[in-house]
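Trainee: Residue numbers (this note's numbering), protein chains in the order written: chain U, 5 to 422; chain F, 5 to 422.
Among the hints, a few may not be true.
A pair counts as met if it fits within one copy or between any two copies, since identical chains are not told apart.
Stated by the list, open to error - Below, computed lysine to aspartate or glutamate pairings styled on EDC-like, alpha-carbon distance capped at 20 Å:
id, residue 1, residue 2
1, K251, D288
2, K214, D202
3, K200, E222
Treat the hints as calculated values from the structure; they're not laboratory data.
In this text the structure is predicted, and so the values were computed from the model without any measurement.
2 protein chains.
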Amino acid sequence: MEQDADTLIADMGARARAAATALAAMPTARKADGLRAAAAAICADAETILAANARDVEAGAANGLSGALLDRLRLDPARLEGAAKGVEAVAALADPVGAVIDSSERPNGLRLSRVRVPIGVIGIIYESRPNVTADAAALCMMSGNAAILRGGSEAAHSNRAIHAAFSRGLTDAGLPADAAQLVPTTDRAAVGAMLKADGAIDLIVPRGGKSLVARVQEEARVPVLAHLDGICHLYIDRAADPEMAVKLAVNAKMRRTGICGATETLLVDRAFADPAKILAALGDTGCELRGDADIRAIEPRTVPASAEDWDTEYLDSILSVALVDGVEGAMAHIARHSSHHTDAIVTEAADTAERFLNGVDSAIVMWNASTQFADGGEFGLGAEIGIATGRLHARGPVALEGLTTYKWVVRGTGQARP
Amino acid sequence: MEQDADTLIADMGARARAAATALAAMPTARKADGLRAAAAAICADAETILAANARDVEAGAANGLSGALLDRLRLDPARLEGAAKGVEAVAALADPVGAVIDSSERPNGLRLSRVRVPIGVIGIIYESRPNVTADAAALCMMSGNAAILRGGSEAAHSNRAIHAAFSRGLTDAGLPADAAQLVPTTDRAAVGAMLKADGAIDLIVPRGGKSLVARVQEEARVPVLAHLDGICHLYIDRAADPEMAVKLAVNAKMRRTGICGATETLLVDRAFADPAKILAALGDTGCELRGDADIRAIEPRTVPASAEDWDTEYLDSILSVALVDGVEGAMAHIARHSSHHTDAIVTEAADTAERFLNGVDSAIVMWNASTQFADGGEFGLGAEIGIATGRLHARGPVALEGLTTYKWVVRGTGQARP
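Same shape as in the complex, but just chain U (with noise of 0.2 Å):
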């Protein structure tokens, strides 16, 4: 079974780089009409693609789904309505593709320029959620590259039959059917061959749970594009203004809970005047604190944190507190607590954020802004494929540009090299 996995994912693979040959030399607009055919196909299989799902979500639930799953695995006419439109929007993204990011002449006449070319294929690994399946598929095509998808077994139905319209939405367009490929089956071997599978695949991007990241930053041998936790401080500075600190506060944290900006630790500068306001209104919000004594002073309804507190990633309505000695005290804990992702400071004194702004090493930092701006949308981007605390090639959020590389074109008239 293992060696039949890693012989279909060869396969797959080798049909997914001549797409990416193709794609990689396509013209923009012939990108965006095969994903705008793609688009009109899934609204067109609707009705197909809800039964697969309505097949999917009754499994789901009799193998007892619990209810935050079987919601994200749910499909209705207007998520999928949703689906094709963000399809569509992909299609009229800026093309990064044959974009000149620099050029220069040397004394000797040669002529040099780094442009940028997609990075070539890449292995989706997602789990119940099948808008992905069209999501990342464009993503990946409108940059230029071969996608490998490969969804989660409790959406199997659901991906396969967005699959099919999608991809003969790509083939009505004239475009190779083999640049969004599906893997045919929910053997857990295939994920293994994909993360062992360098030389085929050449960047894999997880979207799901933790449980999921860490696996494939575990086993993988292909270079992953992800983050692993959204551990986001918001940091509240002596010279904050009082009321922009109680809103950024509740937003930060209260919005919504279960998004990776979400800040999970809020650390307070101990000569900030007026802390029990910030908490008695995240308090009123339903949300639980957890921090040391110095914080049940302030705020009562504040229960003890313990060491593991300041390394959690909650994802729910409860938040760490700590008091700290300015903002050299916030960028010590954020050292060794963060995960990188995103960290923000509260402040009116903007040579304390500027110091906050360079010295802390995340992905993201924000001077008075809520963490939850870090999306991908948000920033401009139009979609994300996703958010990224490594650090080489793309932090943050990462869209059309971050999965291409570049290559250096060197034009010359005959020099040889003295």
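With chain U fixed as given, assemble chain F onto it according to the hints.
Mentor: The following block gives chain F in isolation, referenced to the frame of chain U:
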């Protein structure tokens, strides 16, 4: 011993991280002053360093090191001065840290920018050239990174002496000595510990022969920036200028045969008028030509090529030669056999050249220039830490910019996400 190596590297990594944090925030002038002080200390310690090097060379000769290896190992006053001047040259390069890649303002007033920051801690694993100790440390530090250097056992005394001088220069200039640490043992377990030290080391750069690079790429859990092979191609199109074709073929192969940018395979369009002159000129230089009966019919000194020849990096006066059907045939051969380092076309037909430059998927593609130009210095980068053939982060010659990454800096005025 394995455990000792892990502990050693974890400890060095922690000290490197602290130094990296200091370097990341350090003004350009202070980094440059530190490097100039390090260069001066190397010159001041010349006698000690040359004596240490003499011990290494003597031991190497007694252990039967080849002449080529002994030559790489050997320092003399001129070479040592060259190493010091190299460090000074790096100090004069433009500092990439802090550069704003792009910026935008969102409709809600959030101001976004992507700012270059150092990668963090970089591990350099190298072989017999002791000058890498100073050269690699300088490149890492000028780009704001801390370096962990692990040189070859055959150069242990030389590396220690150079590192001692370099460190003293740094501390004299008020920089942290931990910015450039030398692994104190030549035990191979230390290399293994570095390769799996993800979290402590952010990037590994191997500098040495193919077996070192292969081991690093095979074992590393930490991302690696490297190239394994330089199987470079020169394609002579039907529309090539015949004189330029002869000149570039001889230069691309024979100027220096031992560098990664040397051409290893010559592809000649079947429709090119005068291949005999090119092959005769190569044969006259003493280059061994390998090809099939067609090539032998053109140049009788040709010996038969085997299947492996097309995938071989000779690094010697040997060239495999094949006839191909135009630019499409050349691109098909290159797609199968290139190591994606550097591939070049010689032609006067601009459209054919653009087809090749777009269609060949290598880190460097060239038109009417010798593949031997594949070099950071020749590209105007001022130096290079290496040439990368991977697809992510940085490709081709890598200097200071390739040793940085970026972060998103978001400046608001109290925006909460709706």
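Trainee: If a hint holds in the structure, say so; if it does not, say that too.
Mentor: Hint check:
For the homomeric pair K251 and D288, the shortest alpha-carbon distance inside one copy (13 Å) is at most 20 Å, but the shortest distance between copies (80 Å) is not. Taking the closest pair of Cα atoms, K214 and D202 come within 20 Å of each other only across two copies (18 Å); inside a single copy the shortest separation is 23 Å, beyond that limit. In the homo-oligomer, the alpha carbons of K200 and E222 lie at most 20 Å apart both inside one protomer (11 Å) and across protomers (11 Å), since each shortest distance falls under that limit.
Hint violations for this structure: none, all hints satisfied.
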